[in-house]
Structure formats: structure tokens, C-alpha cells
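Those protein sequence lines, which keep their order, are chains L and E. No gaps in the numbering here: position 476 of the first sequence is 476 in the numbering used here, and each next residue is one more. No gaps in the numbering here: position 441 of the second sequence is 1441 in the numbering used here, and each next residue is one more.
Watch out, some of these pointers could steer you wrong.
Result set (PhoX-like, lysine-lysine): computed pairs, CA atoms no more than 25 Å apart in a straight line [stated by the list, open to error]: (1) K604(L) with K588(L); (2) K636(L) with K1197(E); (3) K234(L) with K119(L); (4) K349(L) with K147(L); (5) K604(L) with K565(L); (6) K7(L) with K1197(E).
Partial list, derived from the structure: chain E residues whose beta carbon lies under 10 Å from chain L [unchecked claim]: (7) P1076; (8) D1086; (9) L1130; (10) S1252; (11) E1336; (12) P1340; (13) G1441; (14) H1487.
Honestly, the hints are just simulated from the structure, not real lab data. Small disclaimer: the values here were computed from a predicted structure and weren't measured. Yeah, the Cβ is synthetic: ideal placement off N, Cα and C, and Gly gets one too.
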Amino acid sequence: MAERSFKREVEQLRLGAGETFAGEGILAVTKALLQAGVAYVGGYQGSPISHLMDVFADADPLLRELGVHFESNASEAAAAAMLAASVNYPLRGAVAWKSVVGTNVASDALSNIASGGVKGGTLIIVGEDYGEGSSIMQERTHAFAMKSQMWLLDPRPNLPSIVDMVEAGFELSEASNTPVMIELRVRACHVTGSFVARDNRRPPLTVGEAAANPVRDVDRIVLPPANFLHEREKIERRWPAAQRFIAERRLNEWFGPAQDEIGIIVQGGLYNTLNRALELVGLSDAHGAARVPVYCLNVTYPLLPDEVAAFCAGKRAVLIVEEGQPEFIEHELNTLLRRADLSTRLVGKDLLPRAGEYSGEVLRDALLAFLAAHAPGRVAAAPPAPPPPEPELARTVPPRPAGFCTGCPERPIFSAMKLVQRELGALHVSADIGCHLFSILPPFHIGNTTMGYGLGTAGASAFKPSEGAGARRAVAMMGDGGFWHNGLTSGIGNAVFNQDDTVTIVVDNGYSAATGGQDILSSRAASATRRTNNPIERALRGMGVGWARTLTRTYDVARMRDTLKEALTTPEKGPKVIVAQSECMLNKQRRVRPLLAQAAREGKRVVRERFGVDPDTCTGDHACIRLSGCPSLSVKANPDPLRHHPVTAIDDSCVGCGNCGEVAHAAVLCPSFYKAEIVTNPGRLERLLARWRAALIGWIQARDARALAARAF
Amino acid sequence: MAASTAGERDRLTVAILALGGQGGGVLADWILALAEAEGYVAQGTSVPGVAQRTGSTIYYIEMVRRGAPGANHPAPVLAMTPTPGDVDVVIASELMETGRAILRGFVSADRTTLIGSTHRIYAISEKSALGDGTGAGERILDAAARRSRRFVGFDMEAAAAGAGSVISSVMFGALAGAGALPFARESFEAAIRRGGKAISANLAGFAAGMAAAGERRTAIEAAAAPPAATTPAGAERQARVLSTLPAAAHASALEGVRRLMDYQDAAYADLYLDRLAPIAARGEPVLSEAVARHLAVWMSYEDTIRVADLKVRAARAARVASEVRVGATQLLTVTEYMHPRLREVCETLPARFGAAIWHRPALRRRLEPFFSRGRHVRATRLRWFLLLRTVAAMRRIRRSTWRFAEEQARIEEWLALVAATAATDVALAIEIAATQELIKGYSDTFERGLRHFTLVSEAARRLTGRTDAAAQVRALRAAALADEDGHALAAALATAA
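Extracted from the complex, chain L is given alone in its bound form (with noise of 0.2 Å):
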């Protein structure tokens, strides 16, 4: 079960040809492929495609229906391998992952499949995770098509556009043999708007139907001599083909006057930014009636040299507006003009960023900068002058790092491991990718290193600590979602074999939590479609690890601290390894909170928890937050007029996970929190009991109010 329903969404993959899908930019990909007759279609989720593997996840009948197989693959390596589906076969298949890293991860398969080339129709939808929002590493995923020429389409950011650019993918992949990719930034997969809808095609040939009639052709299998062959076929054949379709189909398009002294190249993403940077200055408007010619790449590789030539040639100077580096356009662009033996001026990064993001803004100030240098007296609007920048509010406003949910059952792992340091001095983690990773931002500043997904355990394995005074184990982190995808393999095979002196976490919250709650193996969920409830610590066993602990309580600090203590000390040799279970706090209360209140409803005894803490005994030092961070204990303004410290406080929005009274009391901290549970439709017995209570209770405190009245001030 994913973070959120899907249903609406899956809905619209109903629509029929005439009416309108309107919803974001990759739920609109989803349909483009039902409408484009794909055959399979799989993927690993991330952001910011999450959302496509989702709705697929949830539109299982419509996808039996149709006669297209869906897979939630184990990693982006296995949904490349998978494209090879449409080597021998002519089925269209789509897959889909987050990028740079999930590209990294599928490169194996994806130079073989670029080598060997393809009969059906393949499209790679890579989620550009670049730039604001973006929580990897900034690369470009267009260094993967140059390096294995497969062809990359950038489409403009609006629904018509990215949905015309899947089918017209599914072509040029078949008109040129080669897989081919569809780049879209964050933002194009989460703009909202509409396109009208086609009626989805059945697959001509379905991958059941493929697999009842096998064909084998050796010369597609990259292994000598085909090998070299496929070197020859990409660039005598394969090339020019995707060329002559680009050209003919009018992939990349052309606005403004057909004549003028200057002009822009401007990758397709891009173009939407470009034009409100052209209408700030005044050549532009918000119909994109640009007074400068703009030649938009919605295909980024390959270039195609005529087309760029008949565009420059005439022109005294040319802006190259592409996002990321190395400027691979800049590059082939001044190749090509050489080779045309244009004089025109290339102007890019000698004026726009290096690295990254092109907003408006960048765009905007580049842009004037341009015109100013090659045609000057062009700008129509002078932008507004920037607003006096004030260091006093910089200095005010805090930054607001990701951190854990409130009640995430990741946190008590981080306070029972700031708690070991403690006692055993500071220990080198290396983190993995996930939630778990926020671990290295405050208010826990633990974890060194994160070396990729899956990738925690073996990011330790150098550090084999020798015997004697001082050796210290170091510690690795590692996600389900990680462990499942490469982890099992590369992180605990690995320490198995090489006998690795560390101690591993698995977090095992039964969710690929950070990507959006999706089912993996090891999930708890009963799934009609997938095989889940595998036991993480069998897996480990069955790799051959002698010393696992299963801890089905993270919320208990004090054992999560016992049991890291025990696994950083023990004599055992080979890799420890812990198992920390809690289930994912923003999926469970999105799958406990509507039944809690039905039953609420129905008149059965529901329990409510949440924490709280009591202002006259809390001294405002905080060490509570140090251990915890939770969003829903924070601080205000103390009651106490001769105290200037903010107390500790918890809000509306604690789910009661306990964490803060176990930190409390692992750490022996204060006597102020409380945790008060609320029963709404309590039981007969119960309530007479309570009143009875509250009752005798009630009396005595009534009589000590007097007491202390009357000695009062």
C-alpha cells in the first residue's frame, strides 16, 4: 500500500478517446503508454516517479484486462534487464526509475540492451531528480545516452507535449532499433493540467503470446562477434535512422520570427522557464509569442546538424540555454557548427551557471546579459531591480532540514545509538539511502558516509578493527527497502564472506518508506498479487550470518541500546547484524487512523495515546529534543515568569509512539513527561471503576487545594 490512494488516478487510465485526463505530469505518462499499446511495463520507485509505479501497482485489473504485464521490479537493474523483452520480440515495454542513481544502477543492463538494440518499441522514463527538491547527487543522466547511444527526449513541461513525446518515443525506438529515454525534471512530473485522452490499445502481441513462440537471434547478444557488429549498427544504421525520424516527425520545434540576428537553443524541459524569462524582458508573452527565435530540443540526443545549421546560419550570435554539466550540447553544438563552417557565436556557459538549477531568475539575468553583449537595445522591459537584501532576516530565519516523522520508529534506533556513544566514545557509521539517512542532520549528527542504496554495509567494510585495546566496530545502516533491492548481496554477502567485524542495522519498517510506503518482500501487508511476509532475519541466516537479533519493538531505546552495546562487544567474530522492526509511522496512521475512527464510531472501545509534559517541572534544557527530534515535541515560551528558558511541549500531532518517555527513562532524564491515554466508549465496568476512582482521588485532592490555600500567598 502506498502513502497515498491512487484510485482517482487509476480511474482516468480508463478514459476513452475525446475526454479529458487532467492530473500531474507522470500520471499522464501512464496513460500515454495504454494509449501507446505497451505490452509490460515495470520500474522501481522513487521520486519523483514514485507515483507512476504506484498507480500501476493499483490498476491491476485494468492492466489484466488490456493484457499488460506489470512488475514492481527489485531494483532499476532488474527493471532494465526486463526490457529485454523487446529484443526479439516487437512488444513495447516501459520502465521507469528515479535518476542519476537509478540509471547508475541499470548501466549494466542498459549498455547491453543499447548494444544488442531492440524490435519493439523501448522507453526509459527517467525522473531527472535535479535540482531543488532533489535529494541525490547532481548529475546528468544524458552522459548514459551519449556514452551507450540511446536516444534522449526532453519534452516541454506540459501534459499535450510529455504525452506526445511517449508515443512518438515508442516510434523512433522502433524506427531506429534503440532503446530510447524520456528525461523529466521534478517538476514536470508533478505540474498539473490536462490533455485529451485516446482510447488504450490492447498490445498486438502480448508478452504470454511472445513467450509461447520463442525467437532467437544470436547476432543480438553482446558477446563476439556480434559485439563489434553492434558498434557498426549504431552508428551506420541506428543513427541516421533516428535522425531521419527526428527530422521528418518535427520532433524539436521552432517559435518566434523566422528571421533575426540572434537566437536561443533551448533544451525542451527548459522552454517553459525560458519564456518567462523572454516575457520579463519583454519579448515574450504568456502565450509564448516569443520576438526572438527559439529552436526547443525536445529530442536532446542525438543533434541533428542540419537542422541546428539552417537554425544558426544568419544569425550573429546564439544562446545554448542547457541545465547541468558538462555542457554535453555546448560541446557537440560548436562541433557542428565547425563542421558547417558557421561563424555564428555560441554563447553558454561562458554566461549562464555552471552548476545548477536554471530558474526564471538565472534565466532572466542571463538573458539580459545576452542581449546586451550581442543586441543590445532588444530588451523591450527592464526588469524590476532586486529588493535591498537584508542579512539581519538571513541571520533570523533557521533553516529547516528533513528530519523523522512524527513518531517514526527510526528515531529510537539514532537516540539508543546516541546513547552507546556514550558510553563507548563516537562510533563511524556509514549510512545508507532512505529515511534512515536524515540520522546525519541535527538534532543526531550520526552517519560518515553513504555510498548509494543498499550500499551501507559494505560502505563499512574496510574498517576491520584489530583485537586489543581501542578497536571499536564500526556500524552500517541499511534500509529494507535497500536490503531487498542489492544489500542481501553486496552489503551482507560480502561481510559473510570476508568474515566483516560490523555491526549492521536493518531498518525494517515494512515499507519502501522514503519513496512512498511501496510493498517489498519483506512487507507485513497481505498482497493478492505479490509474495510478501519474508522474514528479513531468514535471509540472513540463510547468507550465512550467525549472530542477527530480531527486535520487534524499536521504540523500546533501552534494549535497542542493549542489544547495539552487545552486538558492538561480543566476541563473536563475522558480521552482527540487527533487525529493527517498527512499522512505518506515516503508513500505519494512513491505515489505522480511518478504522480507529470507525470503530470510534461504532461504539467500540478505542484507545487513543499522546505524550505530554508538564511545564513546572520541565527546566528547559532540552536534551529530550537532543535525543528525539520529533516534529511534534517542540518548545514555547516557559509560563514561569522568572524563568527565561523555553519548556519542552507536545502538540496536537503527537501519535503517542512513546518514544520520548523511553528516551526519558533510557537516558534518565526528567520527570515531566507523561503519556496519557484516552478511551472513548469505555467499557461498563471501566467506567464505574474510573469513577470510583476519580471519585475518592478527586476528594483528596480537593482537600489538599484547601490545605495549600490557606498556607498560600
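Start from chain L and add chain E according to the hints.
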């Protein structure tokens, strides 16, 4: 076609700065639906992902009036991110996010209507400070008023709570009330109805937001008045405070007397005033106030008796019930997380016994296991309630406890240092008095605070006579609150020496 310049374009842009979980996406959806229904082509973008876990995130909306049917107008080209100087409306869901919108340049004085909630959701850096790490909200309010075309600011979280709704609907109401979009109230409400979820609660929040957006913000609340005496004993001491202490110290001293009568008895409050008298006699109002404040806090140190006393009171039970929102037909049970160690138990015993046990290692080793575990004290159960009440009743023998003897000795030593210093350097004496703030918390936290207090006090003794002594001690105190492990304090002490 005419060049579009600021002010005459047919395009409206709205940026929403929200924190994960505040319903920024819901708000954006309402605005999109509203614009579409009112004949605009609207586009929204967002960046879900890790930022939404708890970080701040931006939703961005653009809208352009739809062309007349049949008009040969290409579809509008709408931007994905806000450009500074080009944003018509900024909605920020929290005070510091309002500041962030200004910092990022989204707010311009000629164009932007800035709608910001003035409540605070503290960032981790503000929350985790050892003392007060919270940012200065007045600066944001000041900048918001100066740098926007119009600033609509009020506590939208409180408005939401008051209306039994959520902040997103209050923000939507504030947007309607600010009049920054050319749509009628009914159209806004229709968008909520079309959303189909929690309609009545959302409409209530919307109405609250819309009403508040039209009002002027009320001034900052007046400081709380000092307590007034309710008993003859109180009145007697109140008179003593008012007649013997400088006016600047009245509020703190009255609160001090009130607290110590509550904490122990009238005689203890008299001890407080006796201790305060020689300091006040120096005629230094700031010093008198500082000592009145810190002496009261110190004399009401949090021992086991005090904690139990506060936990069993009727007023506390009522506070908990209202804080966790117990309904009339619901039942409430409260569990306290307490962890008295052997040390605290010994401290609560008469000084002779407590110290005797503590100073016998063999006995300690045998007893400590009984106090090594945290206790879940179910204070709403009669048994636990009576136990806590028994501990609270030990107030009567507090003067004989080991902890009492220790604390009074420390207090006397500190007071003597303050008094002695005041003879030559009043500013330094004030700083020494304020150093008491380092002592707080329980168990390890208390011990750390006491250690830091001792170090700073000793440094203050050494620094006496230097012209910058007061500033140095102030800096040392800040260093003591900079980190838990005392690194900053150690470094500061090394340079101060």
C-alpha cells in the same frame, strides 16, 4: 502584441510556502480548482519528497484568463517556479516561512500580497538549544510589513483550532479576505465543496481565515501582572516586598514569595526575603531584580518531593485533561515516566541517613539495582496516587533532607559571592547572579549544569577586578549553553584565563 510589464499582465502567480503535513497541497488544489472554475487556465507545480517529511516546500500556481471560445490563442506557457519580482500572492504557513519567502525574493513591495501565519513551528536548531534558541519573530513581522504591497498576518493555527479546522482552510480564507484574487467568496467556498472532504470543517476554517484577514492585528499582549496576596500571611509579606525592595524587583520578588510559600511555607518565604534584604540595601535595582529572580528559582529546586507535589495536584489533573482534549464521555489515564535513582532517594532522606548510605559503596552496590530502572507511574490509579502523595507530604520534613542541606550551602556561597562582588563591580555581580540559570534539570542534566555553574563561578572569582569581567562571565555563560559536552565552555575558559 504589447510587451507585458509589471502591473499590466493578464497572469496571476501564487507561491505557497508550507511545511510538510500542513496541507499545502490541499490548498494548492483548491486554488487550482477555483481558478479553473472562474475561467482561468491554471497550472500548479510542487516538489513532494523528502522536503515534505518535515522540511519546507514550495507549491507554485500560475493562472491566465482563458481565451474566448473560438479565439485563436495558443495555450498559455506557464512557468514551473516563482521568479523574484513576479509573484502576486505569497502564502506562508508559519512565521519563519514568511521570512523565508522574503529572503528568497518572492515578496516585492510593488506587487506582492503577503499572507503569513504568525504562529511558530520551531526549527530543530531552535528547539535543541540548551537554553533559548528561538528566533526573533518581530524582525520577520517588521520586514513583512515593509517589503510587501500588503501584509495579512495573524495566527492561522490558532484560528484553525478555534474553528475546529485545519490551517490550510484558514489560509484559503485569508486569501479570499485579502482580496488579491479577482474571485468572489462564493467561488472560494464552491472550490472547498467540490473538494468533497471535511467540507463543513473546511468551510468553518475558511470563514475564520476570511474574517481575520480583514481585521487589524492586535498589539502584543501586556506582561502578566504580578500575583496578588490571597491570605493574611501573603498580604503581610507582600507589604514587606513593596516597602523594602526597589520597584524593579517587585514582580519577581512577589512571584518568589508566592512560589516559596507554595513550595514550603511562610517561614521559607521569610528566609528568601531575609536573604534578599542585604542585596536590596545596596540600592541597585537591576541587581536586586536579578537576585530576586534567581534566588527564588534556586530555593524552589526540583527535588523528588516537589515533583510528586506538582504531579498530584487537582490543577495539574485539570490541565492534562484539557491539553489532551478528553471528551465528556471519554476516560483518561495518565502514566508518569519517572526514574528516581538511588542518589535522589538518598537526597530525600534525612541528611544523616542519606549521606550515610551514599558514602558506603558496598551498600550502594546492593541498593542500586532497585533504582536502575525507569518507573511507569500510573498516577490515575489510587495506589500510585497515594504513593506520590506520600512523597509530596514529605514537604514537612524537607528541611531535614540531605538535598536541602546541600542546596542551602550552595545558595549561601553563591549569595556571598554576589554580595562581595557587588561592593566593587555591580555589573559582574549581576552576571554572577544570573549564572544560576545554568543549574537546571534532573540527574545527569542537573550534574552537568551544576558543574558548569561551578566552573563559571570560579572563573568569575578569578576575573574580579578586570574591567571586562562582566562581559567575560556573560560570554562564559553563553558558552556553557552552547553544547552538552562542555567543549565550548572549556575553550572559552581557556581563553578567559
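Against the structure, the hints:
| no. | hint | in the structure |
| --- | --- | --- |
| 1 | K604(L) with K588(L) | 20 Å, holds |
| 2 | K636(L) with K1197(E) | 32 Å, violated |
| 3 | K234(L) with K119(L) | 14 Å, holds |
| 4 | K349(L) with K147(L) | 22 Å, holds |
| 5 | K604(L) with K565(L) | 43 Å, violated |
| 6 | K7(L) with K1197(E) | 15 Å, holds |
| 7 | P1076 | 5 Å, holds |
| 8 | D1086 | 7 Å, holds |
| 9 | L1130 | 6 Å, holds |
| 10 | S1252 | 6 Å, holds |
| 11 | E1336 | 5 Å, holds |
| 12 | P1340 | 8 Å, holds |
| 13 | G1441 | 4 Å, holds |
| 14 | H1487 | 13 Å, violated |
Consistency with the previously given hints fails for numbers 2, 5 and 14, ordered from lowest to highest.
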